[in-house]
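J.: Line by line, the protein sequences give chains A and B.
Under my numbering, think of the first position of the first sequence as 7, with each following residue one higher.
Under my numbering, think of the first position of the second sequence as 7, with each following residue one higher.
Derived from the structure by calculation, the hints contain no laboratory data.
As the structure is a computational prediction, the values presented were derived from the model and not from experiment.
Wrong hints could be hidden among the right ones.
Any copy, or any two copies together, can satisfy a pair, since identical chains are not distinguished.
[As the list claims (entries may be wrong)] Under the rule of at most 16 Å between Cα atoms (straight-line distance), these lysine to aspartate or glutamate pairs were calculated in the EDC-like manner:
(1) Lys373 - Glu411
(2) Lys373 - Glu413
(3) Lys32 - Asp119
(4) Lys98 - Asp41
(5) Lys373 - Asp410
(6) Lys252 - Glu285
(7) Lys408 - Asp161
(8) Lys98 - Glu243
(9) Lys346 - Glu370
(10) Lys98 - Glu88
(11) Lys32 - Asp233
(12) Lys98 - Asp403
(13) Lys98 - Glu165
(14) Lys404 - Glu352
Each chain is listed here by its residues.
There are 2 protein chains.
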Amino acid sequence: MVEIRTPITVDEAVERVMKYAFEGTKELISFHACDGRRLAEPIVATSNVPSFDKSPYDGFAIRSADTIQATKDTPVTFEVIEHIGAGTVPEKEIHLFQATRIMTGAQIPEGADCVEMFEKCVEYTRDGRSFITIDHSMEQGQNVIQTGSEVTDGDVLVEKGTYIDPGVKAVLATFGYAEVHVAKKPIVGVFATGTELLDIDEPLEPGKIRNSNAYMICSQIERAGADYKYYGALPDELDSSYEKMKDVLNEVDLLVTTGGVSVGDFDLIPEIYEKLGAEVLCNKIAQRPGSVTTVAHVNGQLLFGLSGNPSACYVGFELYTRPIIQHALMNPCVYALRSKAILADEYPKTNSFSRFVRTYVTLENGKLHVHLAGMDKSNVVSSLARTTSLMEIPPGDKGVQKGDEVEVLLLHVIERQETFR
Amino acid sequence: MVEIRTPITVDEAVERVMKYAFEGTKELISFHACDGRRLAEPIVATSNVPSFDKSPYDGFAIRSADTIQATKDTPVTFEVIEHIGAGTVPEKEIHLFQATRIMTGAQIPEGADCVEMFEKCVEYTRDGRSFITIDHSMEQGQNVIQTGSEVTDGDVLVEKGTYIDPGVKAVLATFGYAEVHVAKKPIVGVFATGTELLDIDEPLEPGKIRNSNAYMICSQIERAGADYKYYGALPDELDSSYEKMKDVLNEVDLLVTTGGVSVGDFDLIPEIYEKLGAEVLCNKIAQRPGSVTTVAHVNGQLLFGLSGNPSACYVGFELYTRPIIQHALMNPCVYALRSKAILADEYPKTNSFSRFVRTYVTLENGKLHVHLAGMDKSNVVSSLARTTSLMEIPPGDKGVQKGDEVEVLLLHVIERQETFR
Numbered sequence: 007m008v009e010i011r012t013p014i015t016v017d018e019a020v021e022r023v024m025k026y027a028f029e030g031t032k033e034l035i036s037f038h039a040c041d042g043r044r045l046a047e048p049i050v051a052t053s054n055v056p057s058f059d060k061s062p063y064d065g066f067a068i069r070s071a072d073t074i075q076a077t078k079d080t081p082v083t084f085e086v087i088e089h090i091g092a093g094t095v096p097e098k099e100i101h102l103f104q105a106t107r108i109m110t111g112a113q114i115p116e117g118a119d120c121v122e123m124f125e126k127c128v129e130y131t132r133d134g135r136s137f138i139t140i141d142h143s144m145e146q147g148q149n150v151i152q153t154g155s156e157v158t159d160g161d162v163l164v165e166k167g168t169y170i171d172p173g174v175k176a177v178l179a180t181f182g183y184a185e186v187h188v189a190k191k192p193i194v195g196v197f198a199t200g201t202e203l204l205d206i207d208e209p210l211e212p213g214k215i216r217n218s219n220a221y222m223i224c225s226q227i228e229r230a231g232a233d234y235k236y237y238g239a240l241p242d243e244l245d246s247s248y249e250k251m252k253d254v255l256n257e258v259d260l261l262v263t264t265g266g267v268s269v270g271d272f273d274l275i276p277e278i279y280e281k282l283g284a285e286v287l288c289n290k291i292a293q294r295p296g297s298v299t300t301v302a303h304v305n306g307q308l309l310f311g312l313s314g315n316p317s318a319c320y321v322g323f324e325l326y327t328r329p330i331i332q333h334a335l336m337n338p339c340v341y342a343l344r345s346k347a348i349l350a351d352e353y354p355k356t357n358s359f360s361r362f363v364r365t366y367v368t369l370e371n372g373k374l375h376v377h378l379a380g381m382d383k384s385n386v387v388s389s390l391a392r393t394t395s396l397m398e399i400p401p402g403d404k405g406v407q408k409g410d411e412v413e414v415l416l417l418h419v420i421e422r423q424e425t426f427r
Numbered sequence: 007m008v009e010i011r012t013p014i015t016v017d018e019a020v021e022r023v024m025k026y027a028f029e030g031t032k033e034l035i036s037f038h039a040c041d042g043r044r045l046a047e048p049i050v051a052t053s054n055v056p057s058f059d060k061s062p063y064d065g066f067a068i069r070s071a072d073t074i075q076a077t078k079d080t081p082v083t084f085e086v087i088e089h090i091g092a093g094t095v096p097e098k099e100i101h102l103f104q105a106t107r108i109m110t111g112a113q114i115p116e117g118a119d120c121v122e123m124f125e126k127c128v129e130y131t132r133d134g135r136s137f138i139t140i141d142h143s144m145e146q147g148q149n150v151i152q153t154g155s156e157v158t159d160g161d162v163l164v165e166k167g168t169y170i171d172p173g174v175k176a177v178l179a180t181f182g183y184a185e186v187h188v189a190k191k192p193i194v195g196v197f198a199t200g201t202e203l204l205d206i207d208e209p210l211e212p213g214k215i216r217n218s219n220a221y222m223i224c225s226q227i228e229r230a231g232a233d234y235k236y237y238g239a240l241p242d243e244l245d246s247s248y249e250k251m252k253d254v255l256n257e258v259d260l261l262v263t264t265g266g267v268s269v270g271d272f273d274l275i276p277e278i279y280e281k282l283g284a285e286v287l288c289n290k291i292a293q294r295p296g297s298v299t300t301v302a303h304v305n306g307q308l309l310f311g312l313s314g315n316p317s318a319c320y321v322g323f324e325l326y327t328r329p330i331i332q333h334a335l336m337n338p339c340v341y342a343l344r345s346k347a348i349l350a351d352e353y354p355k356t357n358s359f360s361r362f363v364r365t366y367v368t369l370e371n372g373k374l375h376v377h378l379a380g381m382d383k384s385n386v387v388s389s390l391a392r393t394t395s396l397m398e399i400p401p402g403d404k405g406v407q408k409g410d411e412v413e414v415l416l417l418h419v420i421e422r423q424e425t426f427r
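Chain A extracted, bound-state conformation:
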């Protein structure tokens, strides 16, 4: 008996799944381990920057008032009373016609209100004392980086949810965040299904293939910023599969299976979901590949029944599972960045469903171009290795031509958008 399923649109499927997006929790981790995580709290400035008036140059700190009369013909002389590097605090206050030799980044001494660069001063020594002359007038505050001119104590500098990259780390370090509140990585359980699966180190046998989907999904989970627990392959047997799946539900935040969602005689996932008391959110989506992608929930906990077909499995994860992970990671932009792009190849196939074609993008003169990653039979694994984007072709009775404008979802970039469309 073949079950008839009514297909829903991709947008409808996304909406149904996202209703079960769950809030992530946060954890406090060492600054040194926070690369690639996401901020669970904004970075707030804990001091002014700079925290003192400082010099942008190597030069001499003086009182601008003393330079009012200075001209090429009548230069003004200053005695150099102190010599300080960055990190050394000036000890002497500057008075009339005195100067402090000062290095880039060093604190301006009391009394001084401007700095002139070495190159614009003439230095000389007399009787063991140091002097400079300046032949032009200076303004108050000239060449002085004022306290708080870059950042004011309490400013919000980086938003919650931001991916921690080298620039964010520089800000964290500047403000003394030795520990950082980051979004905890959700834990995604993974089962493969099917007795046809050999493990990666097993030799090929007649009728069998190696399990590539589960490892691909684990890698997609890691790329999305979550942790995975791989529980191996479920046998093609209902009761033991059900028991295994039920057992791990309390160890994971969400559960992914690959395979077993079609209407074949050994496709047990729908029955297992039923036995678990899960509510099915979708089991037929108007998309290729991956129309059989099945999503359900048990008491709000999401179960993703991805196709056993490698590219359908890949696409199903990116479209439906990844946004759930991003939400738990507090990333406000949960969806893949969608952009128009110019198709660099032919794609004459017609579709009755939306088609997500494995592609990669290039930038040419500032315009996005999209190229086919290879043969687009849904069972071809090798073109996945070139995939950095998915081209979405809406249902229609003609294909797309070279040079046509198409839509792509970018997978390998950090920047993403806030809404699905």
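For this one, chain A is given, so just place chain B on it according to the hints.
T.: Showing chain B alone in chain A's frame:
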């Protein structure tokens, strides 16, 4: 005495540095640990894909010759003699008017040469035996995925140097690569310089700032795919700094310092390089920020003297150090992807040097737009947190306007280009 240095162009500096690019070595690691590494050898198919004729559908495998006479009015009947799932090997050969019930991915039995989907057959049972009828003719090979039709044993599937992502892992798993030859991560030594530096967990003190550069650089090194060894801050004292730097040279592949390269009184890096017998490749580059970026080598080992200024340090690393790391990682595309983009903001500053402005990019209708990441004073750290690209403004007597076409270097994408221009 102020030393006069003659500036060279950025292109010239890149060329001088890249002459000392070194070959990376490879190591064999577990498949399970290879995410984010780069292939040191191409992936070669170790079998045909599929390795047997298989079915793309749930259906019935039959002999096409038996359907020649089949029409709506005169359907042909087949007896179903076996029932196999994916991973189960067919045991019975198909003869005249026999069929095998077969699941998606399963091996086609001997004798059969086509498969018809469940939906297009009529099934019935009589006297405990199963039959189907088919009311149309089939072609030889119809709905059969032929052995080797996707991949032929020995095909090169993924090139050396490729970044290992989920798609590449799927290919590795398919062909049984339980261990993978990857490029060994080069080890980059890091020293900060300057007594003005406080560590991340120290409270602020007058005249001092926290060390953010070294940690930022460590994060940039990790993002580039290399390992770092952080040796702390060098004191502003020549001999001990020299000894420390000399000691670590045999522990690292290249060495990065932050700060100490200007012509200030406490800028010791040039003297240390001299004492080490290093040949200076550049010490003044016609760029802002980071004109003082100094690169030298001792017996071919590169020493990067980056500026102490946060954004100059950041830019210097991305322009000069990162390509060296990429080369060691066997990535043929060592440079940041350069693209034209439309400037979304004003940038009226004029330059006598090439300027690398901290920016971030967006895609709008398939066109790249570039936005200023914040104030572009080279001493402002917080805008680094928004930086995903560097806008390059060539030297000139006018700035650039909103809507102008400019060039950007993209930092946060995996795809890069092979040449600097």
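J.: Evaluate each hint against the coordinates.
T.: Evaluation of the provided hints:
1. Lys373 - Glu411: So Lys373 and Glu411 pass the 16 Å test inside a copy (11 Å) and across (12 Å) alike.
2. Lys373 - Glu413: Cα proximity of Lys373 and Glu413: in one copy and across copies (13 Å, 12 Å).
3. Lys32 - Asp119: neither (46 Å within a copy, 57 Å between copies)
4. Lys98 - Asp41: neither (43 Å within a copy, 57 Å between copies)
5. Lys373 - Asp410: Both: 13 Å inside a copy, 15 Å across copies.
6. Lys252 - Glu285: So Lys252 and Glu285 pass the 16 Å test inside one copy only (15 Å; across, 66 Å).
7. Lys408 - Asp161: Neither: 50 Å inside a chain and 28 Å across chains, both beyond 16 Å.
8. Lys98 - Glu243: For Lys98 and Glu243, the Cα distance exceeds 16 Å both inside one copy (85 Å) and across copies (24 Å).
9. Lys346 - Glu370: Cα proximity of Lys346 and Glu370: in one copy and across copies (14 Å, 8 Å).
10. Lys98 - Glu88: Within one copy only: 7 Å inside, 98 Å across.
11. Lys32 - Asp233: within (15 Å within a copy, 27 Å between copies)
12. Lys98 - Asp403: neither (83 Å within a copy, 42 Å between copies)
13. Lys98 - Glu165: neither (42 Å within a copy, 65 Å between copies)
14. Lys404 - Glu352: Answer is within: at 12 Å inside a copy they meet the 16 Å cutoff, but 44 Å across does not.
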